[in-house]
Amino acid sequence: MENTINIGIDLGTTNSAIAKFVKGDVIVFNNPLDYGRSTLPSVVYYKKDRIVVGNKAKEYLERDPKNVVGLFKRKMGTSESFQIKSINESKTPVDLSAQILKELKTFVNTGDTLESVVITIPASFDSIQSNATKDAGKQAGFKQVVLLQEPIAASLAYANMKKSKELTDGNWLVYDLGGGTFDVALVRIKDGEMKVVDHEGDNFLGGSDFDRLIVEKLIIPKISEQYTFEDLENQMKSATGKYNAKYYSLLNQAEEAKIRLSAVSSAEIIVERMEDEEGNDVDMEITITKSEFNDLIKDSIDGTIEMIKTILTRNSLTSNDVQFNLMVGGSTFIPFVRQRVEEVLQIPANCEIDPTTAVAIGAAYYAATKQKEISKDKSEKKQSAISIKASYNKASKESDELFAARIKGNTEGLFYKIVRQDGGFDSGLKELSERINEDLPLVENAYNFFTLTVYDGQNNVIETDIEPIGINSGFGISGQPLPEDICLEVDDYDNPGHTRLALIFERNSVLPTKRTLTFPINKPILKGNKSDRLWINVYEGPQTSLPEANKLIGVIEISGKQVSRDIAKGSDLEIAIMISESRDVTVSGYLNMSDQEFKNVFNPKVRDTNITLLKGQVTDLSSKLDEEIELATEKEDYETAGALSKVKKEMEAVADEAESLTDDDVTDKRYQLEDKKRKIAQKIDSATKNKRLQKATDYYYETKASCEELIENSGNDHERKTFNDIVSQESAFMATKSPLKIQEKSDEFHSIIGQIRWRTPDFLKGIFGSLLNNQAKMNDQSQAKSLIDAGGFAIESQNWDRLREINFGLLDLLPRGSKEDITTKIGFGL
Amino acid sequence: MLEPNFKQYKPYFELLDQLFEIERKLENIEESNSISRNLNKMKDIFETNLFSSPTSSEIGFTYHNPIGESYNETRLDLEASIAGNSTENLVIKEVIKPIIRYKSGGSTLIARKGVVVVESKI
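As given, the protein sequences belong to chains S and L, one line each in that order. Take 1 as the starting number for the first sequence in the numbering used here and just add one per residue. Take 1 as the starting number for the second sequence in the numbering used here and just add one per residue.
Each hint should be verified, as a subset may be incorrect.
To spell it out: a stretch of chain S is covered by chain L in this simulated footprint if at least three of its residues, at any positions, have a beta carbon under 8 Å from a beta carbon of chain L; those stretches are [as the list claims (entries may be wrong)]:
(1) 50 to 64
(2) 251 to 261
(3) 443 to 449
As a list, the in silico DSSO-like pairs of lysine-lysine whose alpha-carbon atoms are at most 30 Å apart [as the list claims (entries may be wrong)]:
(4) S:Lys721 x L:Lys7
(5) L:Lys43 x L:Lys10
(6) S:Lys599 x L:Lys41
(7) L:Lys41 x S:Lys430
Just so you know, these hints were derived from the structure itself, not from any lab. These numbers were taken from a predicted model, which means no experiment stands behind them. Built from N, CA and C at the ideal position, the CB exists for glycine as well.
My request is simple: use the sequences and hints to build the entire structure.
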């Protein structure tokens with residue numbers, strides 16, 4: 001256990017933060033409920049049944065002043081208290097500060113039990129105010145509270161950042177301009193002792209005032225100039241005004257513009273979605289320049305400079321006696337603030353520390369030098385365990401779901417909080433009782449996880465037996481799983497002339513579901529040409545089997561007769577497939593080039609069989625069958641050959657029947673044929689599956705071995721890792737017995753092989769050699785010649801990177817021939 | 001405002017904000033060039049293509065326009081300014097920035113809070 005305090009807290013008027021000293025460094029804890037921010041707005045909101053602290057409370061501050069309290073630090077040490085309407089109680093500034101401190105405890109994710117802390121106070125605090133701060137610490141459950149003045153904390157943060165722990169004797173200023181308050185202190189160090197000598201401040205000056213000025217002095221006048229409004233400013237600022245909502249939207253934009261102006265010289269604010277009194281749509285882009293903004297805040301900044309002058313005069317100092325002016329607080333990010341103060345006072349502005357967290361960081365450094373003074377035997381008796389029995393629907397179609405729980409154990413003085421794990425919901429701190437209820441808001445179509453945490457009166461976590469609360473939204477109740485894979489037929493580029501299935505939705509996916517894919521088409525569709533066709537064929541059945549063996553559940557044919565213009569090869573076809581809960585399949589194809597959509601809905605009970613497609617498939621199947629028989633006979637696999645020959649007879653019959661079918665046949669014949677065809681395909685599939693599996697497996701091991709060898713010789717770490725990843729999955733994908741899956745893995749090995757080879761000199765030289773032999777075929781002979789010359793030189797000088805480039809260049813010069821001539825059936829592929 | 005892990009995606013969020021703006025403007029325009037199709041395609045790329053690798057499950061970002069939804073202090077997916085006098089029955093009147101969610105498989109995370117103005121429903 002650490003013997004030093006290590007934890008520092010900046011308990012600020014507008015924002016607070018908590019930091020910890022860890023092995024020579026300080027970490028500032030992030031606000032777990034406000035991503036990426038490490039500060040907590042010092043605002044507390046009391047509702048009837050819960051307490052909300054921080055950002056959410058701040059949103060309600062101006063609108064619900066009877067229940068929300070902020071800026072209470074200014075009242076520390078006074079007898080004043082705040083009457084809270086919703087709970088009909090009054091809260092003292094100490095109570096409220098304790099609430100902030102308790103909330104800060106939840107930021108600490110390092111598992112520390114927080115008993116001793118350093119808390120910072122303004123230089124202006126007298127002993128009553130200081131003691132009140134200590135009380136707040138005690139009330140929040142800290143047993144030892146050490147106080148530290150904010151300007152000293154900031155100075156410590158600076159000193160530690162400089163790594164020269166000893167600052168030289170002398171004076172400096174700490175200029176703290178935050179969101180809503182301003183403080184300046186004169187700090188003196190003498191013989192190693194740091195002391196605040198004097199201070200001044202304005203409790204009503206900060207960054208939010210600058211946002212307001214931008215809206216009131218720049219934006220509103222510019223809008224009024226161009227459009228007709230009667231007293232726009234009042235209509236915006238009054239809570240009952242017509243444009244009150246717009247005012248807040250503009251404040252938001254003003255803040256963003258202010259931040260941008262720290263980096264660039266002008267920023268735009270767009271005003272739209274608003275009508276003037278004559279019914280004209282307001283649509284303007286207002287540019288705010290840096291100099292406009294600087295003029296706007298000049299008076300306020302000059303006011304702060306006056307305070308510094310007062311301090312200097314009071315202490316009989318001149319600017320020359322002050323080493324630097326340490327800038328703290330978010331508003332000192334504004335370049336003009338730094339420049340103006342420096343310019344007028346002639347004291348260098350020191351902007352080296354992060355102004356928003358400096359005080360907390362300094363407090364943590366100080367804490368690292370302070371001993372803990374708590375005897376161990378005093379440690380609190382452990383709370384008896386709480387048992388929670390929860391009840392809720394695990395799936396829901398509502399936008400929120402009621403969560404109820406019964407609590408066993410002593411709930412007195414305990415609180416709970418429910419948080420959604422995506423960070424979108426926080427119930428606030430609520431009193432724990434024997435029965436609790438909470439409406440949990442759900443994100444649509446997602447698994448929603450919530451955690452319930454129980455705290456004691458000082459926000460220490462109490463262990464319970466409750467598991468995370470999981471609720472599935474949207475689907476789940478009536479959504480049924482898909483009984484089979486849903487696939488799209490595509491041209492098989494590895495196997496020219498054939499097609500394969502691409503998986504769209506996996507079996508057991510929950511309905512409804514939807515997916516959009518885009519393919520470049522691999523042949524042109526000429527307007528009016530009936531024989532130019534694209535097929536969107538959606539199948540139900542295992543991805544691993546032959547397309548013909550699966551059930552066709554949706555088909556769209558796009559021919560040259562339907563397109564409004566010629567569609568070039570390579571242009572995009574966008575395919576969207578949607579399956580509803582009742583398993584209606586909606587298929588649409590969209591041709592980018594002609595901006596045309598072809599859409600159809602297929603009902604699972606009504607089959608739609610396209611005769612042209614059927615005929616084509618029967619022909620394909622016949623030739624495939626012949627091929628397989630021949631192959632099996634060649635390999636002396638008589639068992640397979642025999643099985644296939646039996647199928648052959650059926651096939652011939654089907655082929656004859658299909659041939660006699662007219663395109664507009666109205667009988668059931670097409671359906672019967674479709675069925676027969678499917679059965680034949682299934683038979684071929686099962687008869688040849690072993691063969692395909694064997695082939696894929698052999699190929700896999702072969703590729704694996706050559707890949708392994710290459711990696712050993714010239715692979716890098718990344719390639720080794722990719723290789724090992726594939727090997728580690730081996731047993732899993734082999735078990736699928738799917739030739740396609742196994743083929744995929746071989747392809748992955750192949751791409752590693754490719755990567756390595758294109759680095760190895762021998763391979764590059766080999767390629768170069770073969771390109772040399774093809775020189776005569778190249779498109780641009782003079783370029784080919786100069787590349788070849790350069791290649792020879794690259795080999796001589798062993799510049800392999802260069803040789804690789806040259807090879808690519810030469811490859812480009814080869815005419816695009818054979819590859820492009822694949823017969824394509826579907827019109828797009830993988 | 002951003003979850004630390006999402007900071008690197010800030011430029012993408014700015015792009016999504018622009019898509020959101022375009023989508024909102026499109027609602028008021030009658031046009032025959034099916035711009036919304038291109039827009040949806042871009043949204044789809046963000047949701048499924050841009051950040052997914054072929055070997056892992058689909059991850060991506062989507063945005064959500066919360067206009068008209070009800071609001072109270074438990075909603076951490078939004079940063080709200082409250083207009084008007086009352087704080088009861090608040091609804092979202094104006095959306096300055098949409099909520100950006102990170103999607104990975106079936107679960108989601110708030111990647112960036114939405115920025116809105118809310119007002120009591122009268």
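Which of the numbered hints above does this structure break? 7
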